[in-house]
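Visitor: Spelled out, the chains give:
Protein chains: 2
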Amino acid sequence: MSKYWSDFVHHLEPYVPGEQPKMDKLVKLNTNEHPLGPSPKVIEAIRGEVDDRLRLYPDPDSSQLKQAIADYYSGLGYGIKRSQVFVGNGSDEVLAHLFMGFFKQHQPLLFPDITYSFYKVYCGLYQIDYQPVPLDDALGIAVDDYLEGDKPRANGGIIFPNPNAPTGKLLPLSEIERLLQANTQTLVVIDEAYIDFAGPQGQGGATAIALVNRYPNLLVTQTLSKSRSLAGLRIGLAIGDGALIDGLNRIKDSFNSYPLDRLAIAAGVAAFKDQEWFEKGCEQVIMQREWLNEQLGQRGFESLPSAANFLFTRHEQHSGLSLAQGLREQGIIVRHFGKPERIADYLRITIGTPEQNQALIVALDGLISKWKNAG
Amino acid sequence: MSKYWSDFVHHLEPYVPGEQPKMDKLVKLNTNEHPLGPSPKVIEAIRGEVDDRLRLYPDPDSSQLKQAIADYYSGLGYGIKRSQVFVGNGSDEVLAHLFMGFFKQHQPLLFPDITYSFYKVYCGLYQIDYQPVPLDDALGIAVDDYLEGDKPRANGGIIFPNPNAPTGKLLPLSEIERLLQANTQTLVVIDEAYIDFAGPQGQGGATAIALVNRYPNLLVTQTLSKSRSLAGLRIGLAIGDGALIDGLNRIKDSFNSYPLDRLAIAAGVAAFKDQEWFEKGCEQVIMQREWLNEQLGQRGFESLPSAANFLFTRHEQHSGLSLAQGLREQGIIVRHFGKPERIADYLRITIGTPEQNQALIVALDGLISKWKNAG
Numbered sequence: 001m002s003k004y005w006s007d008f009v010h011h012l013e014p015y016v017p018g019e020q021p022k023m024d025k026l027v028k029l030n031t032n033e034h035p036l037g038p039s040p041k042v043i044e045a046i047r048g049e050v051d052d053r054l055r056l057y058p059d060p061d062s063s064q065l066k067q068a069i070a071d072y073y074s075g076l077g078y079g080i081k082r083s084q085v086f087v088g089n090g091s092d093e094v095l096a097h098l099f100m101g102f103f104k105q106h107q108p109l110l111f112p113d114i115t116y117s118f119y120k121v122y123c124g125l126y127q128i129d130y131q132p133v134p135l136d137d138a139l140g141i142a143v144d145d146y147l148e149g150d151k152p153r154a155n156g157g158i159i160f161p162n163p164n165a166p167t168g169k170l171l172p173l174s175e176i177e178r179l180l181q182a183n184t185q186t187l188v189v190i191d192e193a194y195i196d197f198a199g200p201q202g203q204g205g206a207t208a209i210a211l212v213n214r215y216p217n218l219l220v221t222q223t224l225s226k227s228r229s230l231a232g233l234r235i236g237l238a239i240g241d242g243a244l245i246d247g248l249n250r251i252k253d254s255f256n257s258y259p260l261d262r263l264a265i266a267a268g269v270a271a272f273k274d275q276e277w278f279e280k281g282c283e284q285v286i287m288q289r290e291w292l293n294e295q296l297g298q299r300g301f302e303s304l305p306s307a308a309n310f311l312f313t314r315h316e317q318h319s320g321l322s323l324a325q326g327l328r329e330q331g332i333i334v335r336h337f338g339k340p341e342r343i344a345d346y347l348r349i350t351i352g353t354p355e356q357n358q359a360l361i362v363a364l365d366g367l368i369s370k371w372k373n374a375g
Numbered sequence: 001m002s003k004y005w006s007d008f009v010h011h012l013e014p015y016v017p018g019e020q021p022k023m024d025k026l027v028k029l030n031t032n033e034h035p036l037g038p039s040p041k042v043i044e045a046i047r048g049e050v051d052d053r054l055r056l057y058p059d060p061d062s063s064q065l066k067q068a069i070a071d072y073y074s075g076l077g078y079g080i081k082r083s084q085v086f087v088g089n090g091s092d093e094v095l096a097h098l099f100m101g102f103f104k105q106h107q108p109l110l111f112p113d114i115t116y117s118f119y120k121v122y123c124g125l126y127q128i129d130y131q132p133v134p135l136d137d138a139l140g141i142a143v144d145d146y147l148e149g150d151k152p153r154a155n156g157g158i159i160f161p162n163p164n165a166p167t168g169k170l171l172p173l174s175e176i177e178r179l180l181q182a183n184t185q186t187l188v189v190i191d192e193a194y195i196d197f198a199g200p201q202g203q204g205g206a207t208a209i210a211l212v213n214r215y216p217n218l219l220v221t222q223t224l225s226k227s228r229s230l231a232g233l234r235i236g237l238a239i240g241d242g243a244l245i246d247g248l249n250r251i252k253d254s255f256n257s258y259p260l261d262r263l264a265i266a267a268g269v270a271a272f273k274d275q276e277w278f279e280k281g282c283e284q285v286i287m288q289r290e291w292l293n294e295q296l297g298q299r300g301f302e303s304l305p306s307a308a309n310f311l312f313t314r315h316e317q318h319s320g321l322s323l324a325q326g327l328r329e330q331g332i333i334v335r336h337f338g339k340p341e342r343i344a345d346y347l348r349i350t351i352g353t354p355e356q357n358q359a360l361i362v363a364l365d366g367l368i369s370k371w372k373n374a375g
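Chains as they are written, first to last, in UniProt numbering: chain D, 1 to 375; chain E, 1 to 375.
Read the hints as simulated data drawn from the structure, not as lab findings. Careful: at least some of the hints might be erroneous.
Remember, identical chains collapse to one label, so a pair may be satisfied in a single copy or spanning two.
Stated by the list, open to error - Simulated pairs of lysine to any residue, SDA-like, Cα-Cα distance not exceeding 20 angstroms:
{"id": "1", "residue 1": "K41", "residue 2": "D145"}
{"id": "2", "residue 1": "K273", "residue 2": "V362"}
{"id": "3", "residue 1": "K339", "residue 2": "P14"}
{"id": "4", "residue 1": "K3", "residue 2": "A243"}
{"id": "5", "residue 1": "K3", "residue 2": "Q105"}
{"id": "6", "residue 1": "K3", "residue 2": "R214"}
{"id": "7", "residue 1": "K151", "residue 2": "T186"}
{"id": "8", "residue 1": "K3", "residue 2": "Q181"}
{"id": "9", "residue 1": "K280", "residue 2": "H106"}
{"id": "10", "residue 1": "K280", "residue 2": "G37"}
{"id": "11", "residue 1": "K104", "residue 2": "D7"}
{"id": "12", "residue 1": "K3", "residue 2": "Q185"}
{"id": "13", "residue 1": "K273", "residue 2": "D51"}
{"id": "14", "residue 1": "K104", "residue 2": "H11"}
{"id": "15", "residue 1": "K41", "residue 2": "D51"}
{"id": "16", "residue 1": "K370", "residue 2": "Y130"}
{"id": "17", "residue 1": "K3", "residue 2": "G366"}
{"id": "18", "residue 1": "K151", "residue 2": "E177"}
{"id": "19", "residue 1": "K104", "residue 2": "L12"}
{"id": "20", "residue 1": "K339", "residue 2": "V133"}
{"id": "21", "residue 1": "K41", "residue 2": "E283"}
{"id": "22", "residue 1": "K104", "residue 2": "P14"}
{"id": "23", "residue 1": "K25", "residue 2": "I361"}
{"id": "24", "residue 1": "K339", "residue 2": "L139"}
{"id": "25", "residue 1": "K81", "residue 2": "M1"}
These numbers come from a predicted model, not from an experiment.
In isolation and in its complexed conformation, chain D is listed as follows (with noise of 0.2 angstroms):
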């Protein structure tokens, strides 16, 4: 508390991430980085970048890399132009100038009520009203709770993400589509952090990006972080209409001219351009993914069925908390979010190497069988 203070500050709730332990040896399943180091080629592109250049400001546009990510969409068949796409400093960043760019309207943001949390957060900062729309008995996104009839409920905008977080589970193309075509007067967000694990490998087969052009009220935004490996630099993304673009190109340059650094461009260019390693990093986590749903399976678990790089699961048996803390004993970490209610048993569990999800596999049989025996 000070004085010093604009007066909202005093009633923010600011985000709070997944830990990031300081400790080494830890098996680290809990803010769903990717189990494979970056493409060897973005190591060796930002390698490139390391000398005395640093001295120069970055482009302050990141052309190139935004040229480098609307080859890629172009690639596969959707035509994007570079004046589509958008940058920013981790997708938390572009989210942040999109709350602020888009959603002050005289209507409440829609979203569902358990997402990823730093939604309300962002209201709180840009003062936005919101209300939640529940998710359904199976904690899925229903589009036809974000309509009334064949009309959109009032709205200032609507924003999820696809698949959904913490909860992994997607929501095909046409009912994306069919929100569209019922809610033409607001701006719809589809966030994909994850959609890149939804298959088919690789191929952007699940992404928005493909109505964009067909959309003016679409923006879709994506993340390095994930499946490109690249938590560590911090690279964001927004594809849409181009004046939505030049409405977040507006609060970026009141903002911060330059937001991505030279290495993070350079980095950005690269992982676009190898789409092997792409290819083969979203198979293995997807190879792995289901490998531990049946696993989880055999020992009790229900997952929910998940696109993402993670599962969200619970067991029949034991609290979320009680299995969060025993496998923490263990030197394991997996994000126990605990509220509200509705998922207060389940554990959001990262997709990690195959030798870390058989630690997380013998860990358990070893919590389970404790438990078991002093029952």
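Place chain E on chain D using the hints.
Guide: Relative to chain D, chain E alone:
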């Protein structure tokens, strides 16, 4: 223009940064970058981090960097704790957060009429009322213009750079302290992007960080883009009372958990540890500034006394516009703002390498003699 924008976006007037030309072989003296590349120890530190660990998120608190900064200033005798340090993705991000976090008040923010032009952009972004305070006749900041007798003028905060930009003029610490003694009820921010060029060389002699432990309403910002030659990364900082830093953290944690990437953190730590490179770099810039000032003076230029890594200068006969254009035709880029009227004929010329500064003088000689012969 788009109907999907928040209303205020239509009225934004974004900042226009100095050009970052994509051509090589230009003598680039327009954005105040350091003439030398960064410390070799910084280069080494970055290279040591470019590996598989980039798959992992950075430390959201950037603790090691904060500690290195606190240690550096404590080593100068200022007793700065880690909890008194805030870091961001360039000092522009730090400034944006502090405008939002501190300057949304019921009285107008005060800053000089001729100063860093991003200030009024932030006011537009966050809808902050402000009142420009004219520089005095010698284009200096006069503390008395922020006071009414020994009372402060009504204000919701005060901010100015020291040395001021684009004038380069330094306000002595005693004058800043006089302002702080009168103005105790609102925040005072001293934006020290260029302070390290004020001398005594690299000793921190002129920084208001010396005062933060005595004035809880004083916040000092700095950047690693100038005196530490890291414009190509994006690292800025603020130092002040813990309660001010808490306020900034609340904004940051409501905006982006991880503003600094792993490579920037490593680079920043190494930069604050290499005192020898830092002092030599500042000394070279200061020596070249004095040389250039003298050379310009011999050619009919009048420069303001500069404590920064640039000169703000005008010619007795030739307009700023014609000089900037004439230099550009010879491949030398300097910054010409053109407005307001009082500075229409001034050029802001970054201190380059000895070779660049020499090339500038040769080009000016050519231009002036060409115009003389033509006239």
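Visitor: Evaluate each hint against the coordinates.
Guide: Hint by hint, here is what the structure shows:
no.: 1; hint: K41 with D145; verdict: neither (44 angstroms within a copy, 57 angstroms between copies)
no.: 2; hint: K273 with V362; verdict: neither (38 angstroms within a copy, 44 angstroms between copies)
no.: 3; hint: K339 with P14; verdict: within (16 angstroms within a copy, 41 angstroms between copies)
no.: 4; hint: K3 with A243; verdict: between (40 angstroms within a copy, 9 angstroms between copies)
no.: 5; hint: K3 with Q105; verdict: between (30 angstroms within a copy, 11 angstroms between copies)
no.: 6; hint: K3 with R214; verdict: between (50 angstroms within a copy, 17 angstroms between copies)
no.: 7; hint: K151 with T186; verdict: within (12 angstroms within a copy, 50 angstroms between copies)
no.: 8; hint: K3 with Q181; verdict: between (48 angstroms within a copy, 17 angstroms between copies)
no.: 9; hint: K280 with H106; verdict: neither (46 angstroms within a copy, 56 angstroms between copies)
no.: 10; hint: K280 with G37; verdict: within (12 angstroms within a copy, 38 angstroms between copies)
no.: 11; hint: K104 with D7; verdict: both (19 angstroms within a copy, 8 angstroms between copies)
no.: 12; hint: K3 with Q185; verdict: between (41 angstroms within a copy, 8 angstroms between copies)
no.: 13; hint: K273 with D51; verdict: between (23 angstroms within a copy, 18 angstroms between copies)
no.: 14; hint: K104 with H11; verdict: both (18 angstroms within a copy, 14 angstroms between copies)
no.: 15; hint: K41 with D51; verdict: both (18 angstroms within a copy, 11 angstroms between copies)
no.: 16; hint: K370 with Y130; verdict: neither (45 angstroms within a copy, 66 angstroms between copies)
no.: 17; hint: K3 with G366; verdict: neither (53 angstroms within a copy, 58 angstroms between copies)
no.: 18; hint: K151 with E177; verdict: within (14 angstroms within a copy, 62 angstroms between copies)
no.: 19; hint: K104 with L12; verdict: both (17 angstroms within a copy, 14 angstroms between copies)
no.: 20; hint: K339 with V133; verdict: within (16 angstroms within a copy, 51 angstroms between copies)
no.: 21; hint: K41 with E283; verdict: within (19 angstroms within a copy, 39 angstroms between copies)
no.: 22; hint: K104 with P14; verdict: both (19 angstroms within a copy, 19 angstroms between copies)
no.: 23; hint: K25 with I361; verdict: within (17 angstroms within a copy, 59 angstroms between copies)
no.: 24; hint: K339 with L139; verdict: within (14 angstroms within a copy, 58 angstroms between copies)
no.: 25; hint: K81 with M1; verdict: between (47 angstroms within a copy, 19 angstroms between copies)
In the structure shown, a violation is registered for the earlier hints numbered 1, 2, 9, 16, 17, in ascending order.
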